[in-house]
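So the chains spell out like this:
Protein chains: 2
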Amino acid sequence: MTTVALVLYPGFTALDIVGPFQTLVSIPGLDVFFVSDVAGDVTDDTGRFTLKAAKSFDEVPHPDVVVPGGLHVRTATADDPVVHWLRKVHPTTTWTTSVCTGAVYLALAGLLEGIASNTHWAFYDRLEALGAHPTEQRVVVVGKIITAAGVSAGIDMGLTLVSFLVNDDVAKMVQLAIEYDPQPPFDTGAPSKVSPEMLKASRRAMGIE
Amino acid sequence: MTTVALVLYPGFTALDIVGPFQTLVSIPGLDVFFVSDVAGDVTDDTGRFTLKAAKSFDEVPHPDVVVPGGLHVRTATADDPVVHWLRKVHPTTTWTTSVCTGAVYLALAGLLEGIASNTHWAFYDRLEALGAHPTEQRVVVVGKIITAAGVSAGIDMGLTLVSFLVNDDVAKMVQLAIEYDPQPPFDTGAPSKVSPEMLKASRRAMGIE
Chain A
0 MTTVALVLYP GFTALDIVGP FQTLVSIPGL DVFFVSDVAG DVTDDTGRFT
50 LKAAKSFDEV PHPDVVVPGG LHVRTATADD PVVHWLRKVH PTTTWTTSVC
100 TGAVYLALAG LLEGIASNTH WAFYDRLEAL GAHPTEQRVV VVGKIITAAG
150 VSAGIDMGLT LVSFLVNDDV AKMVQLAIEY DPQPPFDTGA PSKVSPEMLK
200 ASRRAMGIE
Chain B
0 MTTVALVLYP GFTALDIVGP FQTLVSIPGL DVFFVSDVAG DVTDDTGRFT
50 LKAAKSFDEV PHPDVVVPGG LHVRTATADD PVVHWLRKVH PTTTWTTSVC
100 TGAVYLALAG LLEGIASNTH WAFYDRLEAL GAHPTEQRVV VVGKIITAAG
150 VSAGIDMGLT LVSFLVNDDV AKMVQLAIEY DPQPPFDTGA PSKVSPEMLK
200 ASRRAMGIE
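Protein sequence lines correspond, in order, to chains A and B. Under numbering that gives the first Met the number 0, the first sequence has 187 at position 188, and the numbering climbs by one with no breaks. Under numbering that gives the first Met the number 0, the second sequence has 39 at position 40, and the numbering climbs by one with no breaks.
Just so you know, these hints were derived from the structure itself, not from any lab. What you are looking at is a predicted structure, and each value in this text was computed from that prediction instead of being measured. Accuracy of the hints is not assured; some may be wrong.
Listed next, the stretches of chain B that the computed footprint assigns to chain A, with coverage defined by at least 3 CB atoms under 8 Å from CB atoms of chain A [stated by the list, open to error]:
#, stretch
1, 83-94
2, 122-134
Computed list of chain A residues with no C-beta within reach of chain B, every gap over 10 Å [what the hints assert, rightly or not]:
#, residue
3, 2
4, 83
5, 88
6, 90
7, 94
8, 119
9, 123
10, 132
11, 134
12, 144
13, 187
Computed cross-link-like contacts, DSSO-like style, restricted to lysine-lysine with a CA-CA straight-line distance of at most 27 Å [said to hold, decoys possible]:
#, chain 1, residue 1, chain 2, residue 2
14, A, 54, A, 143
15, A, 87, A, 54
16, A, 87, A, 51
17, A, 54, B, 51
18, A, 192, A, 143
19, B, 143, B, 87
20, B, 51, A, 51
21, B, 192, B, 143
22, A, 51, B, 143
No residue lacks a Cβ here, since even glycine has one placed at the ideal position from N, Cα and C.
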């Protein structure tokens with residue numbers, strides 16, 4: 000059984016972790032669950048989404064790992080429980096992965112030093128300041144580390160992870176099962192596709208100046 | 000304040016409702032929360048995802064509504080608490096919407112009689128048997144009823160709903176904030192894109208024969 004630990008922490012972003020959850024959870028041979036510093040209820044960055052962590056970090060010494068993002072990372076330091084746990088478990092993972100600003104935790108744990116990686120577009124500076132090389136690629140694979148772009152990129156990352164953990168055919172079936180044939184109503188999903196004004200307004204709406 | 004009630008019931012599918020949640024929750028002027036027959040913990044169709052409903056159906060008489068799907072709908076009847084509540088609140092909603100097999104609840108409530116609507120591809124027959132006209136269109140808008148395709152289509156539906164509830168510019172900014180610039184690793188997200196063998200295997204994996 001392959002253990003896939005989906006990390007929760009106060010202030011996580013819901014869709015970041017639910018994309019990987021939904022793509023991975025139904026695969027035979029994978030034991031997929033939510034983990035946090037303390038088991039039990041964990042609330043997201045909007046205060047409206049409370050999800051239960053089945054296990055505590057202490058109970059999960061040898062997982063594969065998916066770390067979501069959240070606006071909370073703005074103030075996260077190397078002393079964060081997520082960072083401590085990542086340092087401990089990373090040596091024995093098959094894959095250590097992040098979605099969105101979850102990459103900041105990986106960087107704080109020293110795992111992205113000098114390597115190509117992605118995060119939410121509004122956090123390239125933060126990632127760079129921590130020694131990583133931010134790269135505008137939806138899903139970035141370097142050795143056993145996979146980092147993805149913001150929020151919704153967790154679905155693309157999750158499918159990629161299924162193809163690595165199992166095979167392409169199973170990943171294709173999952174994509175069919177979740178009917179992932181995206182048809183966004185607009186073409187504004189990446190910073191390179193919008194005006195500087197919209198970028199600025201979007202940063203402001205997220206509380207990042 | 001516009002009230003947007005995201006429906007939970009035992010056996011819902013997580014990504015179905017988290018797509019709309021993430022696209023709607025941060026919009027000023029919208030009060031977005033989870034609602035269920037009884038307030039408190041509700042567990043999904045995998046048994047691994049327990050989310051808290053902030054309110055009970057009784058506490059929410061005049062919402063706009065988003066209903067997710069779940070494999071549970073196979074056995075749902077017109078006596079289901081979700082169906083009872085939908086019948087009660089639909090007359091005063093601005094929008095009544097579903098993702099995936101959530102459309103089955105709308106149909107059981109008599110809201111899709113004779114109209115074009117969508118659901119998960121494996122449930123077209125069920126929807127048709129309830130008097131609806133299943134349509135292979137990602138997001139279907141008929142009057143004040145919006146139905147979407149399976150699971151991940153909730154993101155496209157959510158953005159569409161933002162554009163209706165507020166305006167296109169805000170919806171575009173949300174799409175940027177969640178970095179929704181999808182790059183699926185395969186092209187197998189719709190039934191028309193895969194072989195009959197894969198369709199059959201996928202139905203079997205979902206427990207639908």
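Tested hints:
{"no.": "1", "hint": "83-94", "result": "violated (count 0)"}
{"no.": "2", "hint": "122-134", "result": "violated (count 0)"}
{"no.": "3", "hint": "2", "result": "13 Å, holds"}
{"no.": "4", "hint": "83", "result": "25 Å, holds"}
{"no.": "5", "hint": "88", "result": "20 Å, holds"}
{"no.": "6", "hint": "90", "result": "26 Å, holds"}
{"no.": "7", "hint": "94", "result": "15 Å, holds"}
{"no.": "8", "hint": "119", "result": "6 Å, violated"}
{"no.": "9", "hint": "123", "result": "12 Å, holds"}
{"no.": "10", "hint": "132", "result": "19 Å, holds"}
{"no.": "11", "hint": "134", "result": "14 Å, holds"}
{"no.": "12", "hint": "144", "result": "17 Å, holds"}
{"no.": "13", "hint": "187", "result": "4 Å, violated"}
{"no.": "14", "hint": "A:54 <-> A:143", "result": "24 Å, holds"}
{"no.": "15", "hint": "A:87 <-> A:54", "result": "16 Å, holds"}
{"no.": "16", "hint": "A:87 <-> A:51", "result": "23 Å, holds"}
{"no.": "17", "hint": "A:54 <-> B:51", "result": "17 Å, holds"}
{"no.": "18", "hint": "A:192 <-> A:143", "result": "30 Å, violated"}
{"no.": "19", "hint": "B:143 <-> B:87", "result": "16 Å, holds"}
{"no.": "20", "hint": "B:51 <-> A:51", "result": "8 Å, holds"}
{"no.": "21", "hint": "B:192 <-> B:143", "result": "30 Å, violated"}
{"no.": "22", "hint": "A:51 <-> B:143", "result": "34 Å, violated"}
Hints 1, 2, 8, 13, 18, 21, 22 from the earlier list are contradicted by this structure; the remaining hints agree with it.
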